[in-house]
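As they're listed, the protein sequences go chains A and B. What the first sequence shows, in our numbering, is residues 1 to 172, in sequence order. What the second sequence shows, in our numbering, is residues 173 to 609, in sequence order.
The hints are simulated quantities; they were obtained by calculation from the structure and are not laboratory data. Heads up, a few of these hints could be off.
[To be verified] Mimicking EDC-like on lysine to aspartate or glutamate, the simulated pairs with C-alpha atoms at most 16 Å apart in a straight line are: (1) B:Lys528 to A:Asp58; (2) B:Lys263 to B:Asp314; (3) B:Lys347 to B:Asp593; (4) B:Lys432 to B:Asp385; (5) B:Lys263 to B:Glu227; (6) B:Lys271 to B:Glu291; (7) B:Lys347 to A:Asp56; (8) B:Lys263 to B:Asp251; (9) B:Lys347 to B:Asp595; (10) B:Lys486 to A:Glu155; (11) B:Lys271 to B:Glu227; (12) A:Lys171 to A:Asp56; (13) B:Lys486 to A:Asp69; (14) B:Lys528 to A:Asp56; (15) A:Lys171 to A:Asp58.
[What the hints assert, rightly or not] Label-pair ranges, simulated between beta-carbon atoms: (16) A:Gly47 to B:Ala416: 34 to 40 Å; (17) A:Asp58 to B:Asp429: 40 to 46 Å; (18) B:Asn439 to A:Leu70: 24 to 30 Å; (19) A:Asp58 to B:Gly451: 38 to 44 Å; (20) A:Cys157 to B:Gly221: 31 to 37 Å.
[Claimed, not checked] Which chain B residues stay away from chain A? Per the calculated CB distances, all over 10 Å, these: (21) Ala353; (22) Val371; (23) Gln475; (24) Val492; (25) Arg501; (26) Glu553; (27) Asp582.
We put the beta carbon where it would ideally sit given N, CA and C, even for glycine.
One-letter residues, chain by chain:
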Amino acid sequence: MKLPFRILLTTVVATAALAACSSNKPKPTPPPPPEQTSTTTAPAKSGPYSGPEDLDRDSCLRQRVILFDLDKTEIHSEFQAQIACHAAYLRQFPGARVTLEGNADERGTRDYNQGLGERRANAVSSAVAAAGASTSQLNVVSYGEEKPVCREHNEGCWQKNRRVEIVYTSKQ
Amino acid sequence: MHQRLLTWLAALVLACCATPLLAQGLTLEISNGNASAIPVAVVPFQWQGGGAPPETSVSDVISNDLNRCGQFRTLAKTDIVESPARGTDIKFPTWRLLKQDYIVVGRVIDAGAGEVKVEFELYTVGDQKNLASLTIPGQRSDMRGIAHRVADVVYEKITGVRGAFDTRIAYVTAKGLGNNASYALMIADSDGYGPQQVVSSRQPLLSPAWSPDGRKLAYESFERGSSAIYIQDIGTGAREVVSARKGINGAPAFSPDGSKLALSLSNGVNPDIYVMDLGSRALTQITRNYAIDTEPVWAPDGQTLYFTSDRGGKPQIYQVSAGGGGESRVTFNGDANAKATVSYDGKKIAMSQGNKNMYHIAVLDRASGSNTVISPGNFDESPSFAPNASMLLYAATDGSRDVLYAVSADGRVRQRLVLADGDVRSPAWSPYRQRGQ
């Protein structure tokens, strides 16, 4: 069961990669299609977004950080819209890929915090998948407390560091 | 005296290469006094050679070693009124008046071609008994190493326990945030001198662990974009990836016989403890739990692993048979306990102990169950016992910097190690040095 699916998926990815390649290096035949109609070769589906430029333009897609409470992995309701729009984008552009980077604040030990960061990133991964993205589009990495965005020892700073960042490694 | 101070400072500059931080480096803080510390006079060693004496003062290094372990207090230089260079020159009544229990005298002899011999003698002041009379040969460029070996002999002759000054420490340095971040795995002498880079990366490095022969380090690196465990030969620099599975590959710890590696693997789901046979690379899963299980360390007999788990809510230290099975909770003091380090005799476990999210280093005596907090900071973590358990290293925060402290096992004497101008963390104290290292 798994093998045909993997082959199919590989074909899809390869097609998407070819399409991306052909739009970068136009060849004489076939004539380079207009930017958005290149989705005729990439298996993009219909949806609310016009293309990768929306990642920088759309006010929801530009939000790529989900914050957490101390020692918690629950996703606050205020981040549901963010998760929904990224899921919608990923569903529309099956060639798109994200890495969900889990992070923790400095309190507690480093190895433990790596586990905590992974829990958070897995929670976001599950939520994005539940909202319609394919799990094959989602990669998880946890940096624990190793990649803080803020270095002060106060709650304001810690809150910014308890986060999952959505990082696009492929945009379509 | 003034000249000696200058040459000593010059040696410091040469040894560390760092610039403005030196002024504040290597300060000893002695808290609570230490009435039980043994008084020792370390008389400045006499230079016997044609040229200039080595820049490193052997007696200064010996004194610093003895002081920072907390079990000794050396006589201040200003109180050293006589300078005998050999046992037959010691006027014992002088040192009795100065209330010294022991006296160390010695000489540094130029052996030519960059070599020296350090001859020294250790006497009791009370009954004038000679406890040691030794010659340590070495390179003039390694005066600090020679001095540490002298301090180790003095320590062992007086306490009966092998000294651990001539050992090394491994640690991680970090600079910058975000895309400007850089990380390095370093080793240095046990007092922080002579730092050497083992590996550097733009991505996080963490959790260095020594092989029992002191020749290799295992560590976690993100340099390939995701977590992986490397084992690197310190001498040759050769290294290999031993685990790069999905998710976390972290917290490596060599077994006491060096044949196995305990580690924490998440397989993308949640971290459990595994043991890898380093010969076959075969993995045995030790814990199987929805909690975070990480930071395994071996009991000295290799039969038990201690690890951190939050299976009960907050992280606590648990133990498990090294082959799996028999899991039980070890720590019950404080809100949380994590990252254990075990003394060489298995009698003490130190860890980072959290109370209301403030973390201190605590030492648990397994026999009595007594729990002693030995560090005053609020973000103290990652303790690592010296191989003779006389001292521990740990990571702390000073202002906005991550720094390392060495602390005596009773918590009375602390010393900040200034090792780099960035953040310093994840300390690991080496095993005893073997010959040829």
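Hints and how they fare:
A C-alpha spacing of about 41 Å is found between lysine 528 (chain B) and aspartate 58 (chain A), which places the hinted pair above 16 Å, so the restraint is violated. Taken as a hint, the lysine 263 (chain B) and aspartate 314 (chain B) pair is broken in the structure, with Cα atoms around 31 Å apart against an allowance of 16 Å. Distance check on the hinted pair: lysine 347 (chain B) and aspartate 593 (chain B) sit about 8 Å apart at the alpha-carbon level, within 16 Å; holds. Note on lysine 432 (chain B) and aspartate 385 (chain B): the hinted pairing holds, with a Cα-Cα distance of about 13 Å set against a maximum of 16 Å.
A C-alpha spacing of about 28 Å is found between lysine 263 (chain B) and glutamate 227 (chain B), which places the hinted pair above 16 Å, so the restraint is violated. Annotation: proposed proximity of lysine 271 (chain B) to glutamate 291 (chain B) is violated, straight-line Cα distance about 25 Å (limit 16 Å). Only pairs whose Cα atoms come within 16 Å are accepted, and lysine 347 (chain B) paired with aspartate 56 (chain A) is rejected, the gap being roughly 29 Å. With a C-alpha separation of about 15 Å, the suggested pairing of lysine 263 (chain B) with aspartate 251 (chain B) holds against the 16 Å cut-off.
Proposed proximity of lysine 347 (chain B) and aspartate 595 (chain B) is supported: the alpha carbons are some 6 Å apart, at most 16 Å. Annotation: proposed proximity of lysine 486 (chain B) to glutamate 155 (chain A) is violated, straight-line Cα distance about 20 Å (limit 16 Å). Of the pairs offered as hints, the one joining lysine 271 (chain B) and glutamate 227 (chain B) is violated, with about 30 Å between alpha carbons and a cut-off of 16 Å exceeded. For the given pair, lysine 171 (chain A) sits about 11 Å from aspartate 56 (chain A) by alpha-carbon distance, which is consistent with the 16 Å threshold.
For the hint linking lysine 486 (chain B) to aspartate 69 (chain A), the alpha-carbon distance of about 15 Å falls within 16 Å, and the restraint holds. Annotation: proposed proximity of lysine 528 (chain B) to aspartate 56 (chain A) is violated, straight-line Cα distance about 41 Å (limit 16 Å). About 14 Å separates the Cα atoms of lysine 171 (chain A) and aspartate 58 (chain A), which keeps this hinted pair within 16 Å; it holds. Our hint of 34 to 40 Å for glycine 47 (chain A) and alanine 416 (chain B) holds, since their Cβ atoms are close to 36 Å apart.
Taken as a hint, the range 40 to 46 Å is violated for the pair aspartate 58 (chain A) and aspartate 429 (chain B), whose Cβ atoms sit roughly 58 Å apart. Separated by about 26 Å at the C-beta atoms, asparagine 439 (chain B) and leucine 70 (chain A) satisfy the suggested range of 24 to 30 Å. Look at aspartate 58 (chain A) against glycine 451 (chain B): about 54 Å separates their beta carbons, and that is not inside 38 to 44 Å. Under the hint 31 to 37 Å, the C-beta atoms of cysteine 157 (chain A) and glycine 221 (chain B), about 56 Å apart, miss the expected range.
Its closest Cβ contact with chain A, about 7 Å, brings alanine 353 (chain B) to no more than 10 Å, contrary to its assignment away from the interface. Here valine 371 (chain B) stays apart from chain A, with its beta-carbon at least about 15 Å from theirs, past the 10 Å limit. The Cβ of glutamine 475 (chain B) sits about 23 Å from the closest Cβ of chain A, beyond the 10 Å cut-off, so the non-interface label holds. Every Cβ of chain A is farther than 10 Å from the Cβ of valine 492 (chain B); the closest lies at roughly 16 Å, confirming the non-interface assignment.
Every C-beta of chain A lies more than 10 Å from that of arginine 501 (chain B), the closest at about 16 Å, which supports listing it as non-interface. Against the 10 Å criterion, glutamate 553 (chain B) falls within the reach of chain A, whose nearest CB is about 5 Å from its own CB. No Cβ of chain A comes within 10 Å of the Cβ of aspartate 582 (chain B); the nearest lies about 23 Å off, and the non-interface call holds.
Hint compliance for this structure: hints 1, 2, 5, 6, 7, 10, 11, 14, 17, 19, 20, 21 and 26 are not met, and every other hint is.
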